[in-house]
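A.B. asks: What follows is each chain in one-letter form.
2 protein chains.
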Amino acid sequence: MSTDPRAGEAGTQIEPEILDELLSMRASIDNIDATLVYLLAERFKATQRVGVLKAKHQLPAADPAREKNQISRLKRLANEAQLDPEFAEKFLNFIIEEVIRHHQAISSAGLGSEQSSTEAPGAAAVGPGESAADAAAPHDSTDR
Amino acid sequence: MSTDPRAGEAGTQIEPEILDELLSMRASIDNIDATLVYLLAERFKATQRVGVLKAKHQLPAADPAREKNQISRLKRLANEAQLDPEFAEKFLNFIIEEVIRHHQAISSAGLGSEQSSTEAPGAAAVGPGESAADAAAPHDSTDR
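As they're listed, the protein sequences go chains A and B. Residue numbers 1 to 144, in full-length UniProt numbering, belong to the letters of the first sequence in order. Residue numbers 1 to 144, in full-length UniProt numbering, belong to the letters of the second sequence in order.
Looking at chain A on its own, in the form it has when it is part of the complex (with noise of 0.2 angstroms):
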């Protein structure tokens, strides 16, 4: 058993160069990852601000114009990059789903800490006029 936690079970019969051209790229991976993790940190903190800027100023959560765009963007972008296109889309609904998630529980406990708690928490998103749906779940479809 190689004693470098990284090499796992692979130190075990590898020879030391390949085993090193091998760490090498787990190092890029490692880092790679740990960007993608600062980077998604980074992107919840900015929808939480839209999230509250929507609120504050009784804006309707749901704009599926912009949400089509996005999506279409980040095709054309994942083309670019050479990165499958549909799982650039998978991708974008799977942080959605976490948005979603994220705005629920401010939902729950009111509209966090940027927000004055002052203001009517559940409601502040949905302007007037709109549907009972909409109002049930005020937060669910808010920037992305």
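Worth flagging that the hints you see were computed from the coordinates, not collected in a lab. Among the clues, some could well be false.
Pairs involving identical chains hold if they fit within one copy or between any two copies, as the list cannot separate such chains.
Said to hold, decoys possible - List of simulated lysine-lysine pairs, DSS-like, C-alpha gap at most 25 angstroms:
1. K45 with K68
2. K90 with K45
3. K45 with K56
4. K56 with K75
5. K75 with K90
6. K56 with K90
7. K75 with K45
Put chain B on the given structure of chain A with help from the hints.
C.D. replies: Below, chain B without anything else, positioned relative to chain A:
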């Protein structure tokens, strides 16, 4: 209807300075998303290279110790970044599913352009003595 496509429906009933703030936040989200797409493309290139290296040197595809380390490291980084650690784990699993899909595609089509076509594709990543179950899906469990 706003002429700025990013404004979407929100552009119809919103004060100009609030719209500016919203569009500025959306532009940041769009920048983050572009970075995510390019970074994910790079990550898949890296796992692809690992897959080819392992196949070339007949290294075992699976490395559970490595995967366990990846998950615990990502959860620690998520904590530092104030991202939900459970989400970080879900995210890694989501990426892994796509890596598996790529490896299955490589497996059906041969080992990809980096690999000489004279090498046996399917069996190359599986060492002697590995189980029939491993041999049936040799590219399903390499580095992620």
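A.B. asks: All hints, please: hold or fail.
C.D. replies: Consistency of the hints with the structure:
1. K45 with K68: within (22 angstroms within a copy, 28 angstroms between copies)
2. K90 with K45: For K90 and K45, the Cα distance is within 25 angstroms both inside one copy (21 angstroms) and across copies (18 angstroms).
3. K45 with K56: Within one copy only: 16 angstroms inside, 43 angstroms across.
4. K56 with K75: Cα proximity of K56 and K75: none, with 32 angstroms in one copy and 33 angstroms across.
5. K75 with K90: both (10 angstroms within a copy, 22 angstroms between copies)
6. K56 with K90: neither (31 angstroms within a copy, 31 angstroms between copies)
7. K75 with K45: Both: 23 angstroms inside a chain and 18 angstroms across chains, each within 25 angstroms.
Comparing the model with each numbered hint stated earlier shows that hints 4, 6 do not hold.
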